[in-house]
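Enquirer: Each chain, letter by letter, is given below.
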Amino acid sequence: MATPTSGRPGRALLVLLVIAIAMGGWMAWKGVNTPKLGLDLQGGTTVTLVPSPAEGEKGTITDESIDEAVNIISARVNGAGVAEAEVAKQGSGQNAVIVVSVPGVTEDALVEQLGQTARLGFRPVLAAQPAVAPTPVPSPSSTDKPGSKKDNKNSGQQGGGNGGLLPRIGPDVSSANAVTGKNDKGGGNQSQSPTPTTAPSVAPAPAPAPTPTAAAVPPELQQQFNTLDCTDQAQQNVGTDFPDKEPAIACDRNGNEKFLLGPVAVPGSDVDTAQANLQQNTAGWVVSLDFNSDGTKTFGQITAEMALQPPDTPGNRFAIVLDGVVVSAPGVNEAIPGGQAQISGQFTQQESQDLANVLKFGALPLTFEIAERSTISPTLGDDQLQAGLIAGALGLALVVLYLLVYYRALALVAVSSLIIAGAFTYASVVILGETLGFTLTLAGVAGLIVAIGITADSFIVYFERIRDEVREGRSLRSALESGWVRARRTIVAADFISLIAAVVLWVLSVGGVRGFAFTLGLTTVIDLIVVFLFTKPLVTLLARTKFFNSGSKWSGLSPERLGAKPKPENPKRPSRQTVKEA
Amino acid sequence: MNRFHSLTSGLYRGEVSFDFVGRAKQWYILSAVMLLIALGSLAVNGLKFGVEFSGGAVFSVPSESCEITTAREAAAAEVPEGDPIVTELNGSSGRQVKVQTVDLTPAETGAVNQALADACNVPLEDVSTQVIGPSWGEQITQKALTGLVVFLVLIVIYLSIMFEWRMAIGALVALFHDVFITVGIYSLSGFEVTPATVIGVLTILGYSLYDTVVVFDKVKENTRGIQTSSRMTYSEAANLAVNQTLVRSINTSVVGLLPVASLLFVGAYVLGAGTLKDLALALFVGIAVGTYSSIFIATPVLAQLKEREPAMAALAKRVNARRSGGRDVAKGAGDGDGSGDGSADSVMTGAGSAAGSATRGPRNQPKRKAKKKR
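One line per chain: the protein sequences are A and B, in this order.
Residues 1 to 582 (the working numbering) make up the first sequence, in order.
Residues 1001 to 1374 (the working numbering) make up the second sequence, in order.
Keep in mind that the hints were calculated from the coordinates and are not lab data.
All values reported here derive from a predicted model rather than from experimental measurement.
C-beta atoms are modelled at their ideal positions from N, C-alpha and C, and glycine is treated no differently.
Fair warning: there could be bad hints in the mix.
Derived coverage of chain B by chain A (criterion: at least 3 residues anywhere in the stretch with Cβ under 8 Å from a Cβ of chain A; other residues may be distant) [as the list claims (entries may be wrong)]: (1) 1033-1040; (2) 1130-1138; (3) 1153-1167; (4) 1196-1204; (5) 1242-1248.
Here are the in silico distance ranges between beta carbons for each label pair [to be verified]: (6) ASP1118/B - VAL18/A: 55 to 61 Å; (7) SER1065/B - GLN222/A: 57 to 63 Å; (8) SER1160/B - ALA22/A: 34 to 40 Å; (9) PHE1176/B - VAL18/A: 41 to 47 Å; (10) LYS245/A - SER1160/B: 55 to 61 Å.
I would like the entire structure built from these sequences, with the hints used as guidance.
Expert: Below you can see the structure in the form of structure tokens.
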């Protein structure tokens, strides 16, 4: 075991070089060379949301429901037009929290909105009116060409009411059952026909025509509806407070139309799944949705009734309401008994996907509490980053100095190993930031600085072992090898402990702790790589130089200085005589 | 340097030896006293928890000139029931006015932000805020405790497999020792406990064990096949291991403490306070205590547990019987066993030289005189 292995050090260094080139090449290829900084280092708002089961819901907190919540919250944040916002799950199962990070200054309203419960339901429309004093909307409807996506988008935003492009819902044509015969080409076609002609008639829809599904509307609610102004931002969320079992009033997403709605006919939880599809024939995007058995039954009944109403009258429409806001209010083409429906309406791809997500993830049995929110100003973030860097540089310098004094030339191995480890850590943080979205926070920086000590310790363990072996009277080369065999075991065992600590911390904790745990674990792994692929081979190579082999007193391995036994040529059988200390 | 080198080589060969294991009682008493003080202070003073644990809002306004009273009035005007506490913080990166209030809604937070920015005449985006719900600190603590339990279970399993359960016990005793003393120091000094402190304490666990494992690894090596030779007892072999790794332990602690110290320094003097300082402080205390415990607590506990094993007790008897037979026997035993590995040989010569140089107690290691060598 004590034989110096000649071919291996080169090979190990080569492996390391390949890894280094791969990482460097990747960074050059992607054009990234700085780590992704956490908001406490660059400024911004972080909100931590802790989930709990919603009232009256028996749902438990699972990874899936959290993932869904992340989707919903992302949609809300993106819907608010906040660029670069990130919504991420941290931890898993019961421990999971959701962390929303928004760089820059954030509206307080957004923060407030984050923690709300998502409640999705289908309500019959009792009355619908343009939000504003009905301005005629000739331009969109006149320029509207069926199938033109651009126009649709414009009209959706400008037009009063629904801009004349009412989405339609019909049975999903892809389903074999349902009533496919009547509308073979799906809702896409159907949505076009009523569009130009009937649009104006929707807008001025007057007092609520009683519909078959309508429960009695209390006069106060009717009054509220009449005075509701959806163009006023403050009133747009008016629909939030209504219980599912009662009629409600609500605005649509853009504040363009206001609705008087019946009680929730089909709860969002009855939606099995929903997805956006590209309709082959018309090149338009549609949303297909599947109901579960309960949903199929009630939805079949309600659509059967609605389909009897004239198209584009309120009684023909039902509203998809998310968190008290009408996301979409399609008209019903025909009864949909099969539980598979398709909503069409000249959506863009984005719109149809948004709608599908709402339908799929809308009803979530979780509420969220804002546990922590912090806003760090860019100046403070900058200060913290600088402080972290200064501390790191200072710590590194002190360690290097100490090693140099104590280990002399051997310390150069340690210092270069530290530099290599530092470079690898930096590259890993950059790459992980780009691929996994890992952000370096202040706690993470602290983890890196603490890791300097742990990494340097691996070298100390090894060097002390070599010195022990030299004291035993072994030759330098054999001391390097036999010392390595023992040091290796110690290093692996000790690093493994660090790794367990890091992994446990990472899995079970939230917020800053995770950043810290991650960098600690990362550096531990890098420490192992560097010790095995760099430090050891380098020591082996250096031992071939005359400087070290001759036992110069500056080498840090001088047998004399280490008080080695007097027979260095006989490593196998160290002297039995005790060295008498004079 | 020269003296130091001869000390380290002497330590390795057992010529210079500190009796860590044999004097376990002293260290236990010392640690017990420290623990009692820690627990006493914890009972009397308790811990000073940061705003993260009680819930509340903290606003930081970077301003060289903003008066504390100005800031307090501005905040109180917005949230009269907010009970604002205003402090100032001076770091080399500038002065900051910190306003702490009770838990606020996002709307209230925005209003206070604006009021402070106006009152102190700084741009709105320069004001940093942190609002913590009342249950957040509790949740962090709970998660930390869950993590602690899981970690300990894993560690016991790992150490039991890699080493043996007695080592796991020794390591755990040292671990609790470290954490309690660290918490005690926080209680005594009145340092604020923040989530960053909790991180620090959790890291101490890893560090303390890391240190202990290195020592135990050497103990394991020294005691391999110890029963076949009857040259030294388990306690002696363990003590030798501690001495042999002493230099490494010191080096490791120094190297571990240097970066943490710089973190502490920068955190405290450049930034004034915050995450870095809290974290570094807990680490600094923890690493120092951790090094102490892996030498003075973990190994003695292990040795005592081991000596209770019938096999090891028998070994101790054999060794003692042999020693009372005289030094020639000891030397003879040494001569007879040349096939052991290098360190075992050196162990033997160490013991032999001690037996030769003086007659000492059953532990048979030179004590005070040895420390003075050279």
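Enquirer: Each of the hints needs a verdict: does it hold here or not?
Expert: Hints, one by one, checked against the model:
1. 1033-1040: violated (count 0)
2. 1130-1138: This one holds; 6 residues, not fewer than the three required, reach chain A with a Cβ under 8 Å.
3. 1153-1167: Check passed, 4 qualifying residues.
4. 1196-1204: Answer holds; 5 residues pass the 8 Å Cβ test.
5. 1242-1248: With 4 residues closer than 8 Å to chain A, the segment 1242-1248 of chain B meets the three-residue bar; holds.
6. ASP1118/B - VAL18/A: 55 to 61 Å: Holds: the Cβ-Cβ distance is about 59 Å, inside 55 to 61 Å.
7. SER1065/B - GLN222/A: 57 to 63 Å: holds, 58 Å
8. SER1160/B - ALA22/A: 34 to 40 Å: holds, 39 Å
9. PHE1176/B - VAL18/A: 41 to 47 Å: holds, 45 Å
10. LYS245/A - SER1160/B: 55 to 61 Å: holds, 59 Å
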